[in-house]
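Fit chain P to the supplied structure of chain W, relying on the hints for placement.
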Amino acid sequence: DGGITQSPKYLFRKEGQNVTLSCEQNLNHDAMYWYRQDPGQGLRLIYYSQIVNDFQKGDIAEGYSVSREKKESFPLTVTSAQKNPTAFYLCASNTGPGANVLTFGAGSRLTVL
Amino acid sequence: AQSVTQLGSHVSVSEGALVLLRCNYSSSVPPYLFWYVQYPNQGLQLLLKYTTGATLVKGINGFEAEFKKSETSFHLTKPSAHMSDAAEYFCAVRTHNNNDMRFGAGTRLTVKP
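Chains W and P supply the protein sequences, listed in that same order.
Numbered according to the working numbering, the first sequence terminates at residue 309, and the numbering increases by one at each position without gaps.
Numbered according to the working numbering, the second sequence terminates at residue 177, and the numbering increases by one at each position without gaps.
Isolated chain W, as found in the complex (with noise of 0.2 Å):
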């Protein structure tokens, strides 16, 4: 079946660790997302990549990095720059703009300890 692997599905980091989040997909979607989610505060979009080799920071791009080298994956660094990385973290993808739906992975949670 198609969609979206997340991995790993919890993770404990030390401060001052640079962690990766995996994002995979098979569904042949060309635009991918990772968003951020915390209590109370919905989901709020890190980076975005309509197309490989591309990406655009969303609204709290600061202390993350991304890379889109191939069309299924689209891989998240958590930096020791990201003061406050504990959260739950989702990555979505569609075939780009328009009134495609997003489709979601399981998501993975990130613990500083």
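Read the hints as simulated data drawn from the structure, not as lab findings.
All the pointers check out, no bait thrown in.
Think about it this way: if two alpha-carbon atoms lie no more than 35 Å apart in a straight line, the pair counts; the simulated DSBU-like pairs of lysine-lysine are:
{"no.": "1", "chain 1": "W", "residue 1": "Lys267", "chain 2": "W", "residue 2": "Lys253"}
{"no.": "2", "chain 1": "W", "residue 1": "Lys266", "chain 2": "W", "residue 2": "Lys210"}
{"no.": "3", "chain 1": "W", "residue 1": "Lys205", "chain 2": "W", "residue 2": "Lys253"}
{"no.": "4", "chain 1": "W", "residue 1": "Lys279", "chain 2": "W", "residue 2": "Lys266"}
{"no.": "5", "chain 1": "P", "residue 1": "Lys176", "chain 2": "P", "residue 2": "Lys122"}
{"no.": "6", "chain 1": "P", "residue 1": "Lys133", "chain 2": "P", "residue 2": "Lys176"}
{"no.": "7", "chain 1": "P", "residue 1": "Lys132", "chain 2": "P", "residue 2": "Lys122"}
{"no.": "8", "chain 1": "W", "residue 1": "Lys210", "chain 2": "W", "residue 2": "Lys267"}
{"no.": "9", "chain 1": "P", "residue 1": "Lys122", "chain 2": "W", "residue 2": "Lys205"}
{"no.": "10", "chain 1": "P", "residue 1": "Lys113", "chain 2": "W", "residue 2": "Lys205"}
{"no.": "11", "chain 1": "W", "residue 1": "Lys253", "chain 2": "P", "residue 2": "Lys113"}
{"no.": "12", "chain 1": "W", "residue 1": "Lys253", "chain 2": "P", "residue 2": "Lys122"}
{"no.": "13", "chain 1": "P", "residue 1": "Lys132", "chain 2": "P", "residue 2": "Lys113"}
{"no.": "14", "chain 1": "W", "residue 1": "Lys267", "chain 2": "P", "residue 2": "Lys122"}
{"no.": "15", "chain 1": "W", "residue 1": "Lys205", "chain 2": "W", "residue 2": "Lys267"}
{"no.": "16", "chain 1": "P", "residue 1": "Lys133", "chain 2": "P", "residue 2": "Lys113"}
{"no.": "17", "chain 1": "W", "residue 1": "Lys205", "chain 2": "W", "residue 2": "Lys266"}
{"no.": "18", "chain 1": "P", "residue 1": "Lys122", "chain 2": "P", "residue 2": "Lys133"}
{"no.": "19", "chain 1": "W", "residue 1": "Lys253", "chain 2": "W", "residue 2": "Lys210"}
{"no.": "20", "chain 1": "W", "residue 1": "Lys266", "chain 2": "P", "residue 2": "Lys113"}
{"no.": "21", "chain 1": "W", "residue 1": "Lys205", "chain 2": "P", "residue 2": "Lys176"}
{"no.": "22", "chain 1": "W", "residue 1": "Lys279", "chain 2": "W", "residue 2": "Lys253"}
{"no.": "23", "chain 1": "W", "residue 1": "Lys253", "chain 2": "W", "residue 2": "Lys266"}
{"no.": "24", "chain 1": "W", "residue 1": "Lys253", "chain 2": "P", "residue 2": "Lys133"}
{"no.": "25", "chain 1": "W", "residue 1": "Lys279", "chain 2": "W", "residue 2": "Lys210"}
{"no.": "26", "chain 1": "P", "residue 1": "Lys113", "chain 2": "W", "residue 2": "Lys267"}
{"no.": "27", "chain 1": "P", "residue 1": "Lys176", "chain 2": "P", "residue 2": "Lys132"}
{"no.": "28", "chain 1": "W", "residue 1": "Lys205", "chain 2": "W", "residue 2": "Lys279"}
{"no.": "29", "chain 1": "P", "residue 1": "Lys176", "chain 2": "P", "residue 2": "Lys113"}
{"no.": "30", "chain 1": "P", "residue 1": "Lys132", "chain 2": "W", "residue 2": "Lys253"}
Then chain P, alone, in the frame of chain W:
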């Protein structure tokens, strides 16, 4: 830019009672509107969407929503709540010419036996 406001971060209903989750949007151009549901530690699933045409849209699990342009609202309803409806619900808006989907802060629905 478009935005979404969900009124009420928590809603509690009895099993069998009407469910009403409120969503108001702001958009300078005709919006596309969505409701998503999230179960604990999972990604978001699409419940229903409005793009154009009929303003009353039906979704999965007996949910429906009505687009009211004059009130800039897209409230979600279900005539009779079921225990399995307990989850967090997100309203979202985007416009037809961009790939930027904006989410509300979410409403947590509790269903009492």
